[in-house]
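Undergrad: Given next are the chains, with one letter for each unit.
Number of protein chains: 2
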Amino acid sequence: MTSEAGYNVAILGATGAVGTRILAQLEQSTIPVKSLKLLASVRSAGQTRQFKGQDIVVEEATPDSFDGIDLVLASAGGSLAGSLLPEAVKRGAVAVDNSSRWRMDPKVPLVVPEVNPEALADHQGIIANPNCSTIQMVVALEPLRQAYGLNQVIVSTYQAASGAGQRAWDELLHQAQQHLDGEEETADILPTKGDKKHYPLAFNLLPQIDVFQEDGYTFEEQKMMQETKKILFGDPHSSEVKVTATAVRVPVPIGHGESVYVSVDDETATREDVQRVLASAPGVVLEDNPDEQLYPQPIKAEGKRETFVGRVRADIENPGSFNMWVVSDNLLKGAAWNTVQIAEELVKRDLIHSQV
Amino acid sequence: MTSEAGYNVAILGATGAVGTRILAQLEQSTIPVKSLKLLASVRSAGQTRQFKGQDIVVEEATPDSFDGIDLVLASAGGSLAGSLLPEAVKRGAVAVDNSSRWRMDPKVPLVVPEVNPEALADHQGIIANPNCSTIQMVVALEPLRQAYGLNQVIVSTYQAASGAGQRAWDELLHQAQQHLDGEEETADILPTKGDKKHYPLAFNLLPQIDVFQEDGYTFEEQKMMQETKKILFGDPHSSEVKVTATAVRVPVPIGHGESVYVSVDDETATREDVQRVLASAPGVVLEDNPDEQLYPQPIKAEGKRETFVGRVRADIENPGSFNMWVVSDNLLKGAAWNTVQIAEELVKRDLIHSQV
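Heads up: the sequence lines are chains A and B, in that order. Note that the UniProt record's numbering has the first sequence beginning at 1, numbered continuously upward. Note that the UniProt record's numbering has the second sequence beginning at 1, numbered continuously upward.
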């Protein structure tokens with residue numbers, strides 16, 4: 001099949017915060033869509049969504065849903081990704097998955113198109129979309145790696161509620177209204193559905209994203225450390241760069257902020273050099289003008305595909321080390337757009353082999 | 001005068017977010033108060049406040065207000081601190097000041113009582129209270145310095161709106177209601193009164209606190225770097241420890257969070273060692289139990305005097321380096337309580353020389 005004829009596409013998890021955005025990003029993309037199937041859990045089946053002016057009824061996802069499908073764009077959680085995507089691949093589809101289920105599999109490319117599109121060539125059916133906070137960070141780090149070599153990365157995140165899904169986002173807004181009304185805030189989801197206790201996020205900070213590991217790091221922090229290495233150096237345990245992370249949930253609906261401290265190998269690099277490199281980097285918008293109080297903010301990044309970088313400063317006491325502030329829409333570049341962007345790259349490289 | 005007889009005390013800036021808390025902290029303190037004068041700008045003069053059951057009328061602050069005063073607790077901004085506190089000292093008073101006006105003066109001790117109370121001995125009338133975000137950080141760093149020696153500190157702050165005053169705090173809550181009502185958020189104060197543009201903080205992040213310096217750092221970030229060195233090593237430009245900071249305002253009313261990366265000299269120090277040292281450190285409460293999802297949160301720290309530390313983790317790739325998460329009530333330990341605590345220490349060391 002030539003790309004002119006188009007692909008049979010399925011969106012798995014089509015009704016969630018990310019799924020609805022995958023649909024919208026696909027509508028604006030260069031991918032020729034011959035047919036589109038919207039799949040979700042039985043709870044959402046029967047709902048209707050529009051794609052290019054046509055109503056599409058959401059169907060319950062089963063293995064047979066993928067018969068005849070060329071491309072699956074999935075955002076349905078790790079459990080469904082684990083059971084259904086191999087079924088899709090068995091039926092000849094290529095799947096791009098948003099969950100963490102496949103990211104550390106050595107046979108699965110973990111891809112940010114601005115950074116490591118060449119990893120797609122080795123795919124065996126499943127391609128993993130990285131964690132939202134990792135994606136925007138590596139978009140900002142890769143140009144510095146190319147220009148100066150990377151030595152160390154220390155990141156503190158300021159992550160939006162929508163990263164934990166639509167219900168966490170709704171919970172934040174509900175808690176905020178409770179607080180403003182002088183009521184006690186109720187919490188049923190955050191910091192993470194998978195843990196025992198729940199705390200209010202509105203007007204608060206929660207230094208827990210996902211569950212805790214043995215060493216005291218959360219799974220989110222471990223993901224940032226390992227995924228960054230896999231994307232930049234092909235190995236989640238690469239010693240080519242040191243990475244450590246602290247992940248904090250903040251009372252923001254959309255848009256992750258990151259305070260990134262980066263040490264490059266070339267100690268002669270200046271602040272102006274780093275700004276210049278970032279200004280011309282793919283997917284990056286440099287917003288860095290203190291005189292104009294120009295710097296990235298979540299409310300300005302919402303709805304945009306780019307990663308915004310500003311507040312670039314040299315660590316005066318450590319040559320070759322810099323602070324910077326990185327913001328992106330966690331539901332777009334952190335999820336839906338990066339997924340569709342991977343699919344565009346697969347099309348461009350002719351790596352989707354249609355069965356029809 | 002013996003301390004039994006008590007001191008004539010004045011609170012300068014008595015009606016602000018910090019001033020009202022200085023009053024409350026003084027009421028609970030061990031300082032024997034013989035008389036109390038409440039001073040403010042002409043705008044607030046005539047208001048009434050209670051102290052130990054007695055009504056006190058707020059007076060306009062003038063140089064002569066300090067006649068007969070032994071101790072001034074000031075939170076009135078840098079300009080008034082610059083003009084009025086020397087007048088108070090000239091009249092024989094000792095002044096503890098919350099503004100940044102005197103902090104870098106080599107003749108002025110910059111004091112956190114858990115860390116460097118001995119610096120009080122050299123005072124020449126004015127003692128400076130450090131910046132709120134600096135105070136809670138050095139409370140957590142000093143025990144590590146004593147135990148292992150400090151090499152490097154990299155901090156990213158998550159600072160509450162009340163750090164910019166009562167009006168910024170009110171603005172945050174007003175913006176939040178606007179957002180929830182679907183209205184456009186209005187901004188007149190934040191990120192900082194002293195700059196041209198204003199942006200909404202509610203449901204957003206503002207990586208600017210105070211005005212920008214030549215090197216791209218904000219004044220807040222510079223304060224954290226220089227004050228930390230002055231408090232820990234007696235010199236704002238000390239090379240005994242490297243410090244770099246990124247300061248971000250978050251939509252939280254009270255309670256600053258800090259993601260602190262610290263490298264100690266003793267590379268054999270373990271995570272458990274650091275936790276043990278922090279658990280027994282003065283002014284610190286270790287809240288660090290991942291199994292119980294116990295970690296510091298602003299809403300739990302509000303109204304408390306202590307600095308809460310948790311999420312202690314070893315940087316697996318850098319021996320002797322640790323991540324930790326530090327939270328404290330910025331209006332209490334970050335301001336009012338630290339001020340009254342300094343005054344208690346002055347009393348204990350008999351460093352207030354009453355004129356009566």
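These are computed hints drawn from the structure, not numbers from a lab. Be aware that one or more of the hints could be misleading.
Since the list can't tell identical chains apart, any single copy or any two copies may satisfy a pair.
Said to hold, decoys possible - The calculated lysine-lysine pairs, modelled on DSSO-like cross-linking and capped at a C-alpha distance of 30 Å, are:
#1 K52 - K193
#2 K300 - K196
#3 K300 - K193
#4 K197 - K37
#5 K304 - K197
Note that the coordinates shown come from a computational prediction; the quantities given were computed from them, not determined experimentally.
Undergrad: Evaluate each hint against the coordinates.
TA: Do the hints match the structure? See the list:
1. Proximity of K52 to K193 under the C-alpha cut-off of 30 Å is found in neither arrangement, the shortest distances being 34 Å within a copy and 47 Å between copies.
2. For the identical chains of this complex, K300 and K196 are inter-copy neighbours only, at 18 Å across copies versus 34 Å inside a copy, given an alpha-carbon limit of 30 Å.
3. With identical chains, the CA atoms of K300 and K193 are at most 30 Å apart both within one copy (28 Å) and between copies (21 Å).
4. In this assembly of identical chains, the alpha carbons of K197 and K37 never lie at most 30 Å apart, being 37 Å within a copy and 47 Å across copies at closest.
5. Taking identical chains as interchangeable, the C-alpha atoms of K304 and K197 lie at most 30 Å apart only when they sit on different chains, with a minimum of 23 Å there against 34 Å within one chain.
When held up to the earlier numbered hints, the structure conflicts with 1, 4 and fits the remainder.
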